[in-house]
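*Asks:* Got chain A; can you put chain L on it based on the hints?
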Amino acid sequence: MEFIELIKKPWPWYVAGPLIGLTVPTLLLIGNKSFGISSSLRHICAACFPANISFFKYDWKKEIWNLFFVAGVLIGGFLATQFLENPEDFVISEKTVAALRELGIQDFKGLMPADLFAVENILSLKGFIFFVVGGFMVGFGTRWAGGCTSGHAIMGLSNLQLPSLIATCCFMIGGFVMVQVLLPVIFKLF
Amino acid sequence: MATNQTNTNTVSFPEHLVCDAPNDMVKRESTLGNLKYLVVGVMFGIVFVKAEIISWFRIQEMFRLHSFHMYGVIGSAVVVGMISVFLIKKFNIKTLSGETVQFHPKKFMRGQIYGGLLFGLGWGITGACPGPLFAQIGSGYIAVIVTLLSAIAGTWTYGLLKDKLPN
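Keeping their order, the protein sequence lines are chains A and L. FYI, our numbering numbers position 170 of the first sequence as 1434, with every residue one higher than the one before it. FYI, our numbering numbers position 6 of the second sequence as 13, with every residue one higher than the one before it.
Derived by calculation from the structure, the hints in this document are not laboratory data. Any given hint might turn out to be false.
What the hints assert, rightly or not - With beta-carbon atoms standing in for the labels, derived distance ranges: (1) A/PHE1454 with L/ILE100: 51 to 61 Å; (2) A/PRO1276 with L/LEU167: 36 to 46 Å; (3) A/GLN1444 with L/LYS97: 39 to 49 Å; (4) L/LYS97 with A/ILE1437: 48 to 58 Å; (5) L/SER104 with A/ASP1353: 40 to 50 Å.
Unchecked claim - One side only, chain L facing chain A, incomplete, derived with CB under 8 Å: (6) SER37; (7) ASN41; (8) PHE51; (9) LYS57; (10) PHE64; (11) ALA84; (12) ASN99; (13) GLU106; (14) LYS113.
Here a beta-carbon is modelled for each residue, glycine too, at the ideal position from N, C-alpha and C.
Pulled out of the complex, with its shape left as it was, chain A reads as follows (with noise of 0.2 Å):
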């Protein structure tokens, strides 16, 4: 029983960062495949909409891994929500939430905020901000740079590969004009 309860509590970040790291390997032995994740988003091109685009012309039954692999994390993140939910509130840095506050957020309850991800929401132009804008320039950023964080920061570093690490340091950049600067740009819309 205290093996659940404990389970159940936020996962420290040296926990859970050495298990994630511990995928790189898992994959490499178990079946010879590099960790990413994007090119999951690719091969569902490939096999739903290859519209004659030679880029989505390869065989992606090959690579059917990588989508039994997603399929697994949106499993596992059912699993984890359903079964082992952390029972006290969610806690967040005191100053993210003073920040949040003053761009509008009122909802610090769950994992994500009330005021971005209800369902209501995507419709509206926030949701159009949010969901669609921003998931066009996931999608379309991480194929242009070959990888996400998975395929770049991860396996790519572990890989000592130069061109990873410039990756990555883009991945940060981008990340932090748009929470410094943008954001309270865009919150001004609402």
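*Replies:* Relative to the frame of chain A, chain L by itself:
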């Protein structure tokens, strides 16, 4: 339309994918065999939720330098990954089916800068890189399905415009 190029791409695997998560296993795997990647994905998804990496708030904290959590997660993941790759190379550890593990040197491309910056901007808005998107949907944040569909559309649009962009 460059028919030659199209033909090469259908036969051999495009070089571009070398950047990401290629399958280097020579032996073909059955659906049952592929289920082991689903299981690894499940574990991964649980870690994502339990360490709150899927939280939009955690990404906000990271880019506001208000918390060490995300830096600790990514940093320690990279260290463990580095040690693992080093050991696999040093002792030439084989895969379960006895193959030599393949690593792919990455070539520098300008896309890593432009695309990297663009992804970073998107990461700051959505609070999710592609992995957490799937875990957020699984956790019941249904609206994120729109983000995922839009990310797929973004990937598709990149494929359409690829040859016109500085890569």
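*Asks:* Could you work out which earlier hints the structure fails to respect and list their numbers in ascending sequence?
*Replies:* As far as the earlier hints go, 4, 6, 12 are violated by this structure, in ascending order.
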